[in-house]
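Q: From first to last, the protein sequence lines are chains C and Z. Each residue of the first sequence is one higher than the one before, starting from 0 at the first, in numbering that gives the first Met the number 0. Each residue of the second sequence is one higher than the one before, starting from 0 at the first, in numbering that gives the first Met the number 0.
It cannot be assumed that every hint is accurate.
With a Cα cut of at most 25 Å, we get these calculated DMTMM-like pairs of lysine to aspartate or glutamate [said to hold, decoys possible]:
1) Z:66 to C:56
2) Z:199 to Z:55
3) Z:66 to Z:90
4) Z:351 to Z:116
5) C:49 to Z:51
6) Z:185 to Z:346
7) C:49 to Z:348
8) C:49 to Z:63
9) Z:350 to C:41
10) Z:351 to Z:363
11) Z:174 to Z:192
12) Z:174 to Z:189
13) Z:199 to Z:346
14) Z:66 to Z:55
15) Z:350 to Z:192
16) C:83 to Z:189
17) Z:185 to Z:152
18) Z:66 to Z:43
19) Z:350 to Z:363
20) Z:350 to Z:158
21) Z:66 to Z:51
22) Z:66 to C:19
23) C:49 to Z:189
24) C:83 to C:73
25) Z:66 to Z:91
26) C:49 to Z:355
27) C:83 to Z:152
28) Z:350 to Z:189
29) C:83 to Z:153
30) C:49 to Z:38
31) Z:174 to C:56
32) Z:66 to C:40
33) Z:351 to Z:201
34) Z:174 to Z:201
35) C:49 to Z:153
36) C:83 to Z:38
37) Z:351 to Z:192
38) Z:199 to Z:189
39) Z:66 to Z:23
40) Z:199 to Z:348
Honestly, the hints are just simulated from the structure, not real lab data. Given the structure is predicted, the values throughout are model-derived calculations rather than measurements.
Here is what each chain is made of, one letter per residue.
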Amino acid sequence: MNYQHPQPQPPQQSGEGKHDDDAAVTEFLASLLEYTPTIPDELVEHYLGKSGFQCPDVRLIRLVAVATQKFVAEVASDALQHCKARQASIVKDKGNKQQKVSALYCSLLTSII
Amino acid sequence: MNNGVANTHWDSEHSPTRRPIANEFGRTVSRVAVAQICEGVGFESFRSSALDSLADIAVRYLCDIGKASTSYANLAGRTECNVFDIITALEDVGNFQGFMGASEVGDCIASSGMLRETIEYVDISEEIPFAYPLPWFPVYRERRLIPSFSQMDETPPADHIPYWLPALPDPHTYKQTPTWNERKSKQQTDNLEQVRQRRKVERSLLNLQQRLAIFGPAGAATSSFATNESVRGIQSVQGNPFVDPPLQAGEKDVPAFNMSDMVKGPGKDNDISVFKMFGPAVEAVRDQFSDDADKDVNDESKALPFKGHAIHFKFKSSKKVLGHSMDLGLLNRHMEKPVSGRVPGDERDEKKRRAEYILRQSMENPQELTQM
């Protein structure tokens with residue numbers, strides 16, 4: 000892998016900070032090998048390949064997969080919060096369901112875009 | 000995002016005649032993955048349309064990250080992406096809520112807020128592996144290319160056609176060329192052969208019927224393949240000699256047999272010469288025969304001089320080979336044995352035996368071949 004250090008470095012950050020960050024990154028990337036993201040590697044590679052992403056390193060693929068998973072999880076948790084808020088206001092005796100999807104999604108999507 | 004589907008009805012996925020969407024496999028897989036993530040978040044049930052939308056969003060996010068990181072890598076003069084390219088791309092595409100330190104420019108990328116958040120997420124969230132094992136996709140198939148002119152060892156018909164282009168199709172594919180009709184003639188000969196064989200069968204059947212009609216149950220014995228002359232002779236012992244089955248050549252041995260009889264010529268039966276040849280062979284049944292009357296019933300055809308030049312009177316083209324037995328060696332020396340009847344069936348066996356018989360004959364008496 001190609002570790003390129005960016006040139007403009009603030010003087011506050013000492014070498015140890017750099018090393019910490021680097022260490023954190025390397026450690027994180029190493030931990031990614033054990034962690035299996037929910038989005039499978041094959042799917043991620045397929046869509047990254049479609050957009051021109053070229054990398055043989057599995058860790059980077061996993062990184063992208065994890066980032067996407069985080070994104071989706073955040074969207075879902077927001078939707079869940081919306082849903083629960085509505086349920087609390089409507090007070091219906093129903094299970095935890097995702098209802099009125101289109102409305103929810105419009106609100107979410109507008110906030111994203 | 001149903002761009003490729005003609006039917007945009009909400010249940011388009013469940014209609015049986017649905018046109019396949021592009022990247023359907025990828026979409027389905029992403030649907031499953033997103034559903035798993037949502038389940039981990041806390042949802043219990045989903046609307047399929049909502050799930051589809053979320054899966055599409057996830058795929059788009061993925062593609063955006065790829066595009067951005069590729070562009071950063073290209074900007075730096077590389078073709079392969081870096082971890083920093085990815086982090087920068089993540090910051091660009093980012094969460095819709097932003098991240099810590101986004102406003103700070105010039106920070107070390109390694110200390111990016113985005114990355115930190117991702118790390119936190121990995122630490123906090125429980126690992127949910129994908130539900131199904133996936134093959135590597137997309138699957139590439141070997142394409143069978145049309146061979147080029149050089150591969151087919153053909154020269155292009157005109158100068159303007161380069162040799163590395165695919166070869167032109169064979170002329171028989173687009174116009175009528177003269178056919179090679181050996182097959183047709185073979186068919187004709189096959190038909191002729193079949194007709195001939197059928198005629199043979201019919202003839203032998205007729206013959207059998209005639210014999211049965213003439214001689215009754217005793218006549219069946221003469222037409223059986225397996226009997227040899229001596230056996231037949233034995234069978235005829237019990238019956239009335241006048242209604243005995245006709246004797247084949249060499250079947251019966253005349254007790255008062257000598258050369259002088261033959262020399263006397265036409266007055267005597269012509270088959271005496273034959274009997275002489277079969278003397279040793281039929282000695283066992285000689286005493287049982289007392290009657291010469293039946294001798295010449297069938298033996299006119301076997302008019303043979305003593306010397307042994309076989310005059311072949313063949314009224315059938317095939318020869319009865321199965322009937323030959325221990326007398327065969329003697330028979331072959333001096334005469335051809337015409338076939339008087341044949342049980343139908345076993346034509347192939349008969350042909351084989353005929354071939355063997357011919358071989359034997361040719362080996363034992365080359366003279367006879369000239370007369371055949």
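Q: Are the hints correct? Go through all of them and say.
A: Tested hints:
no., hint, verdict
1, Z:66 to C:56, "holds, 17 Å"
2, Z:199 to Z:55, "violated, 82 Å"
3, Z:66 to Z:90, "holds, 13 Å"
4, Z:351 to Z:116, "violated, 93 Å"
5, C:49 to Z:51, "holds, 20 Å"
6, Z:185 to Z:346, "holds, 21 Å"
7, C:49 to Z:348, "violated, 72 Å"
8, C:49 to Z:63, "holds, 11 Å"
9, Z:350 to C:41, "violated, 70 Å"
10, Z:351 to Z:363, "holds, 18 Å"
11, Z:174 to Z:192, "violated, 35 Å"
12, Z:174 to Z:189, "violated, 31 Å"
13, Z:199 to Z:346, "holds, 9 Å"
14, Z:66 to Z:55, "holds, 16 Å"
15, Z:350 to Z:192, "holds, 13 Å"
16, C:83 to Z:189, "violated, 89 Å"
17, Z:185 to Z:152, "violated, 34 Å"
18, Z:66 to Z:43, "violated, 34 Å"
19, Z:350 to Z:363, "holds, 20 Å"
20, Z:350 to Z:158, "violated, 61 Å"
21, Z:66 to Z:51, "holds, 22 Å"
22, Z:66 to C:19, "violated, 29 Å"
23, C:49 to Z:189, "violated, 65 Å"
24, C:83 to C:73, "holds, 15 Å"
25, Z:66 to Z:91, "holds, 11 Å"
26, C:49 to Z:355, "violated, 77 Å"
27, C:83 to Z:152, "violated, 75 Å"
28, Z:350 to Z:189, "holds, 16 Å"
29, C:83 to Z:153, "violated, 75 Å"
30, C:49 to Z:38, "violated, 28 Å"
31, Z:174 to C:56, "violated, 57 Å"
32, Z:66 to C:40, "holds, 17 Å"
33, Z:351 to Z:201, "holds, 20 Å"
34, Z:174 to Z:201, "violated, 47 Å"
35, C:49 to Z:153, "violated, 40 Å"
36, C:83 to Z:38, "holds, 15 Å"
37, Z:351 to Z:192, "holds, 16 Å"
38, Z:199 to Z:189, "holds, 15 Å"
39, Z:66 to Z:23, "holds, 21 Å"
40, Z:199 to Z:348, "holds, 14 Å"
Comparing the model with each earlier hint shows violations of hints 2, 4, 7, 9, 11, 12, 16, 17, 18, 20, 22, 23, 26, 27, 29, 30, 31, 34 and 35; every other hint is respected.
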